[in-house]
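K.L.:
Each chain is listed here by its residues.
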Amino acid sequence: MANSDLLLEMKDITKIFPGVVALDRANLEVKRGEVHALVGENGAGKSTMIKILTGAYIRDAGTVIFDNEEVNFETPLLAQAKGISTIYQEINLVPLRSVAENIMMEHEPTRYGLINRRKLNAEARRLLTQIGIEIDVTKPLMDYNIAIQQMTAIARAISFKSKMVVMDEPTSSLDDQEVETLFESIRRLRADDVSVIFITHRLDELFEICDRITIMRDGKIIETTDMGSISKLELVSKMLGKDLGEIQKGGATSFSAPASRQIGENLLEANNLESSPDLVDVSLNVHAGEIVGLAGLLGAGRTETARVIFGADPIQTGEMRLKGERVRFDSPRDAIDAGIGYCAEDRKADGIVPLLSVRDNLTLALLPMLTRSGIIKREQQKEIVEKFIAMLGIKTSSADQLIRELSGGNQQKVLLARWLCMNPELLILDEPTRGIDIGAKGEIQKIISNLADEGVGVLMLTSEIEELTEGSNRVVVMRDRRTVEEFDLEEISQDGIMTAMAHGEAAEQLQEVAQ
Amino acid sequence: MTTSEQTAVKVERSNFGERFQKVRTYGMVIVLLLLVGFNIFRIYRVVSTNETIVENGNVTEAFVQALNSALNVNLTQVATIVIVAVGMTFVIATGGIDLSVGAIMAIAGQLAPLIFMGPIAERFGMAFANVLAIVVPIIIAGIFGLFNGLMVTKLKFQPIIATLIVFIGGRGIAQVLTNGYLQFFKNPDFQYIALGRPLGIPTQVYIMFIVVLVAWYVMRSTSFGQYVLAVGGNEKAARLAGVPVDKVKTAVYVISGALAGIAGLIVVAINSASDANLNGMLIELDAIAATAVGGTPLSGGQASILGTFLGALLIQMVKFTLLSIGVPYEFALVVNAGIILIAVYVQTKRTA
Amino acid sequence: MATIANNANQDTGTRKFQLSNLMRQQGALVFIIFIGVFVLASIIFGENFYSAYNIKTMLIYNSMLAFISLGMTFVIITGGIDLSVSSVAVLASMLAAWFSRFGLLPAIFVTIFFTTLVGFFNGIVIARWNIQPFIATLVTFMAARGLSLIMPKVFAIYMPVVLPGVPIELWANNVLDFSIIIDRTKNMQDILLDFGGIPIPIILMIAVYVIGEVALQFSRFGQRTLAIGGNEEASRLMGLPVRRVKVIVYSLSGALAGLSGVILAARSGVALPTEAVGWELQAIAAVVVGGTLLTGGRGSVISTLMGVLLLGLIFNILNFVNVGGFSLTVYWQSVIRGIFLFIVVLLQAPWSKRTG
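Those protein sequences? They're chains A, B and C, same order as listed. Numbering-wise (the numbering used here), the first sequence opens with residue 8 and increments by one. Numbering-wise (the numbering used here), the second sequence opens with residue 5 and increments by one. Numbering-wise (the numbering used here), the third sequence opens with residue 2 and increments by one.
Simulated from the structure, these hints should not be mistaken for lab results.
Straight-line alpha carbon distances no greater than 27 Å define the calculated BS3-like cross-link-like pairs of lysine-lysine that follow:
1. Lys355/A - Lys240/B
2. Lys251/B - Lys354/C
3. Lys158/B - Lys251/B
4. Lys160/B - Lys146/A
Given the sequences, and given the hints that come with them, work out the whole structure.
P.N.:
Below you can see the structure in the form of C-alpha cells.
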C-alpha cells in the first residue's frame with residue numbers, strides 16, 4: 008500500500024561489491040516537500056545509496072518506490088526523466104555556455120525549428136526568480152562563482168519539473184552569504200513541494216535547513232529522525248558509532264602507550280594558516296617523538312592542512328616554522344628535502360603509480376639518494392626494498408610485482424615504506440589505516456608507534472576515534488576548516504573529542520553553559 | 005565510491021597485461037621473421053629464375069648481392085624512423101605527444117649545409133665546419149624541443165596544440181632559410197654519417213642502434229626513466245613524491261627534438277641534398293605508429309623502447325614487402341594508414 | 002527575496018544575437034583590420050590590387066579555403082580537429098574531374114556524396130572507436146593522399162577510348178601521366194559562371210556561411226556542438242547525443258571539403274594530386290584567428306570567414322610585396338601562420354582547457 012505522503016521509499020536496499028558489503032538492507036524514506044539530510048562518514052554508504060537512487064548503480068536487492076510507483080532506474084537519464092535531479096559537487100554544466108543555455112540545454116524553446124532566444128532567456132530568468140536569483144542569464148556560466156553555478160544547476164533541475172533534487176555537498180565551496188542564498192532557494196523548492204536530499208558534513212547547516220535526517224554507518228541505516236529531536240553531540244556519536252559517556256577500555260588498537268614516549272624538540276609549528284577556500288585558520292604543533300592526532304569530520308579540512316604543510320598547496324597567510332626557523336615550501340620536493348614525508352589519503356589518486364612495480368613505487372621518493380650520476384644503484388635499492396618488505400610485512404610475490412595487484416593493505420604498506428626509507432623527521436599520515444583489514448591495521452599502527460618511539464614526529468590524520476584516544480600524545484580537533492580544540496594526553500577522551508567536533512568547544516564549557 | 009569499494013575491485017587484467025606484452029613482443033618478432041623469410045625467398049626466386057644470371061652461373065653471388073642491397077635499403081629507411089620514434093616514445097610515456105618532429109628534422113637538415121657551405125668553412129676549415137654542421141643543428145633542434153616543453157609546462161598548452169604550432173611554423177622556418185630551394189652538396193666527410201660503411205654496415209644503422217640502446221638503458225636503469233614513467237602513470241602521485249614533474253616533461257620534448265635533429269641530418273646526408281619541403285614529411289605518423297604498435301600506450305605510464313624498435317621494423321618490412329610484390333607506392337601509403345589505425349584502435353581497447 | 006548581483010548588471014533586456022561578447026569583439030576586430038589592410042593595400046599598390054580581376058580571383062581562391070574552414074569550425078568547436086580535409090579535397094577534385102563527363106550536377110553530387118562518406122568514416126572512428134581526432138584524421142589524410150595518387154593511374158587504365166566531349170588528341174597526348182585532364186570547354190566551367198555579376202563560388206560561400214552561422218546560433222544542433230566542446234562529460238550527463246553530433250560534424254567537414262574540391266577542379270581545369278597542400282593548416286589558422294577556441298566550446302562561423310578573408314588578404318598582398326628584391330615568399334606564410342597560432346592560443350588561455 009502506497010503512502011502518498013512519501014515521495015520516495017527505498018526498502019531493504021542491498022549492494023555488494025567484491026569483498027565488501029556497501030549497503031546492508033538500507034531503508035530511506037523521504038516525504039514530499041521535505042528537506043532530508045543524509046549523513047555518514049567515509050564508507051557509510053550514502054554515496055552508494057544515492058547512486059542507486061539516481062541510476063548510476065544497480066542494486067542487488069530491495070525495492071525503490073518513487074511517487075507511488077515502483078521504479079528501476081538503470082541510467083541517470085531515466086531517473087531524470089522520472090523527476091529526480093542531482094546536483095554534484097563538481098558542477099556538471101558547460102562553463103563556456105551562458106546561464107540560460109545551460110539551464111535549457113536539450114529543451115530550448117523553439118520556433119520553426121530554430122531556437123527562440125527571447126523565450127530561452129525569459130524562461131531561464133523565470134526559473135531563477137523562482138529560486139530567488141536575478142542575474143544576467145546571457146553571460147557565460149564561468150563568469151559567475153560557484154554559488155551561482157549551483158543555482159543554475161538547481162534551476163535546470165526545476166526546468167525538468169523534478170520532484171526531487173539530490174544535492175551532494177553543495178556548500179563545500181561556498182562562503183556564508185552564498186550558503187544563505189542556496190538555503191533560500193532550497194526553501195522555495197520546499198514551498199513548491201519539491202523534496203531535497205541534502206548530503207553534507209557541515210553540522211550547523213543540517214540544523215538550519217533540514218527537516219529530517221537519516222544517519223548511516225558501515226552500510227546500515229542507524230537512525231532516521233526529526234532534526235529537532237537530536238542534538239549535535241548525539242549526531243556525531245551516532246555517526247561515529249560511539250556511545251556517549253562510554254569509557255574506552257583500551258586495547259582496540261596496537262599502539263604502544265603514548266605516555267612512554269620521549270618528547271623532543273618542537274619540529275613543526277603552524278600558526279594561523281589560511282588558504283582560501285579550503286582552510287580558514289589552522290594552528291598546531293608537532294614535537295619529535297610524539298604522535299599528534301588530527302581529528303575532525305569529513306570536510307573539516309584535515310587533508311587540506313596536511314597538503315598545505317607539505318607544500319602541495321600554497322599558503323595565503325600564516326606562517327610555518329621548522330625547528331624554530333620560518334620556512335616556506337613551494338613544492339613537495341622542498342618539504343621532502345626538509346625532512347618531511349606525507350602519506351596521502353587517497354592511495355589510488357595520489358599515492359600509487361599503478362603501472363610501476365612495488366620496488367619502483369617504494370623507492371620513488373628516495374631515488375635522488377639512490378643514484379650515482381643518474382644511474383640507479385640496483386644492489387642498494389634491492390637491499391632497501393627487501394628490508395622494508397620484511398619490516399612491514401608486505402605480502403607480494405616479488406619486488407617486481409605491479410603495485411596495483413596488491414591488496415589495499417599491502418599497497419598502503421608500500422606507500423608507508425616510501426616515506427620510512429627516507430628517514431623523515433616529521434611524518435604526516437593521512438588516514439593510514441583506512442580501507443585495510445584488521446590484521447594489517449594493527450601492523451601499521453605498531454609501525455607508527457615504533458616510529459614515534461624512535462623520535463620521529465607524527466601528525467596522524469584519522470577518523471577512527473580509538474586511534475586518537477589510544478595512540479596520540481595530543482589530539483587537535485578541526486571543525487569547519489579551523490582548528491578548534493586541542494587536548495593534552497590527560498585530557499583526551501572520546502566524549503571530549505566528539506563534542507569538539509560537534510560544537511567546536513570543549514565539553515566542560517558546554518556543561519557549564521547547560522548548568 | 006568509498007575506499008573499500010575502490011580497493012575491493014581486483015585488477016585481474018594486469019596479469020593479462022603482462023602476458024599480452026610478452027605475447028605481443030614475440031608475435032612481432034615472429035611476423036618480422038616471417039616477412040624477412042618471405043622476402044629472402046622471393047629474392048632468391050627472382051635471382052634464380054633470371055636468365056642472364058643463370059647463364060653466367062653466379063646465382064649465389066647475385067643472390068648475396070641482392071640480399072645485401074635489400075638489407076641496406078631497409079635498414080637505411082628504417083633508421084631515421086626508429087630514431088624519431090624513440091624520442092616520440094619518451095614524450096608519449098609522459099602522456100604527451102610531439103607533432104613537430106618532421107618540421108624539426110627539416111630545420112636541422114637545412115642548417116647543416118648552410119654551415120658547411122657557408123663562410124665558416126672558408127675561415128676555419130672544413131673539418132671544423134663539418135663538426136659544427138652536426139653539433140649546431142642538433143642543439144637548435146633541442147631548443148625547438150625546449151620551446152615545446154615550455155609551452156606545455158609553463159604556458160599550459162595542450163601538447164597537441166603546442167607541437168602543432170611548431171609543426172606549422174617550423175616547416176615554414178625551414179623553407180624560409182633557403183626560400184624553398186633545395187641545397188645540393190657533396191661533402192663526403194659530413195655525409196659519412198649516412199653513407200659511411202664501417203664494417204659494411206651503414207653508419208646510420210650504428211647511430212640507430214646506439215640511440216636505441218642508450219634510450220633502453222635510460223628507461224630501465226636511471227632515475228630519469230623512472231620519473232618519466234611516474235609522470236605518465238600518475239602525475240599527482242609523482243608530484244607528491246617529489247618528482248620534478250615540469251622538468252621531466254620539458255626534458256622529454258628536448259630529447260624528442262634533438263633526436264629529430266639527428267634524423268634530419270641523416271636524411272640530408274643520404275640524399276646529398278636538403279629539401280625543406282619534404283624532409284620529415286609525415287614522419288610523426290610513422291613514429292606514433294611504431295610506438296603504438298610496439299606496445300607503448302598513448303595514455304602514458306609505460307614505455308617499451310624495444311617494442312618501438314620492433315614496431316618500426318615491422319612497419320618498414322610491410323611497406324617493403326608490398327612494394328616488392330608490385331603494389332604501387334601510393335597504395336602502400338593507404339596500407340600504412342590502415343596499420344596505424346588498427347594499432348591505435350587495439351591500444352584503446354586494451355586501456356579501456 | 003534574495004537578489005544576487007554578482008559582478009553582473011541587472012540586465013533584463015532581450016538580446017537578439019547571442020554571440021558571446023568576446024567572440025563578437027574578435028570577429029568584429031578582425032573585420033576592421035581586414036578593411037583597414039584592404040584600404041591600405043589599395044593605396045599602396047594601386048590599380049593592380051583593387052582591380053575586379055584581382056579581387057575576384059582572390060575571392061574564388063579563398064572560397065575553397067572558406068568551405069574547408071567552415072567545416073573545420075564546427076569540428077574545432079566540438080573540441081576536435083580534422084587534418085584530412087586537404088587530401089579529401091584533392092580526392093574530390095579528381096572524382097569531380099572524372100564525373101564531369103556526365104555533366105556538372107552529377108559531378109557535384111557524386112563527389113560530395115563520396116566525401117561525406119569519408120567524413121562519416123572519420124566521425125565513426127573518432128566517436129565510436131574513441132580514437133583521438135588528430136590521429137584518426139591524420140590517417141585519413143594519408144589514405145586519401147595515397148588514393149589520389151593512385152586514381153590517375155587506375156582510371157587511366159580503365160577509361161574507355163572514346164569519351165564524349167573530350168577531344169581525343171588531348172587524351173592521346175596525355176603527357177602528365179599523373180593527372181586527369183578534363184575538357185575545359187564543357188561542364189565544369191559552368192560553376193565558375195557569374196550569377197548577377199558575382200561568381201557562383203562566392204555566392205555559395207556566402208550562402209553556406211549564413212546557413213552555418215544560423216545553425217550554430219539558433220539550431221539545437223549548433224548548441225550541442227558548443228556544449229560538447231565545452232564539457233563533453235557534462236554534455237553526456239545532460240543527455241546530449243554526443244556520438245551522433247560528432248559523426249555529423251565530421252561528415253559535414255567531409256562534405257564541405259568535397260565542395261571545395263569541385264571548385265578546385267573547375268578552376269584549374271586539371272585535377273592534380275599535388276594540390277591543396279597545407280590547406281588544413283590554413284583552415285585551422287583561419288578558424289583560430291577568427292576567434293574560435295582551439296580547445297573547443299566557443300566559436301563563431303562568421304568570424305571564421307573574417308579570418309579566412311584577412312589571412313587570404315595578407316597572403317595575397319605578400320605577392321605584391323617586393324622590397325629591394327626581397328619578396329616574402331609562400332614559405333613565410335607557414336611561419337606567419339605559426340606565429341599567429343601561438344599568439345592567439347596564448348590569448349585564448351583564460352578560456353581554454355589546459356594541461357595540469
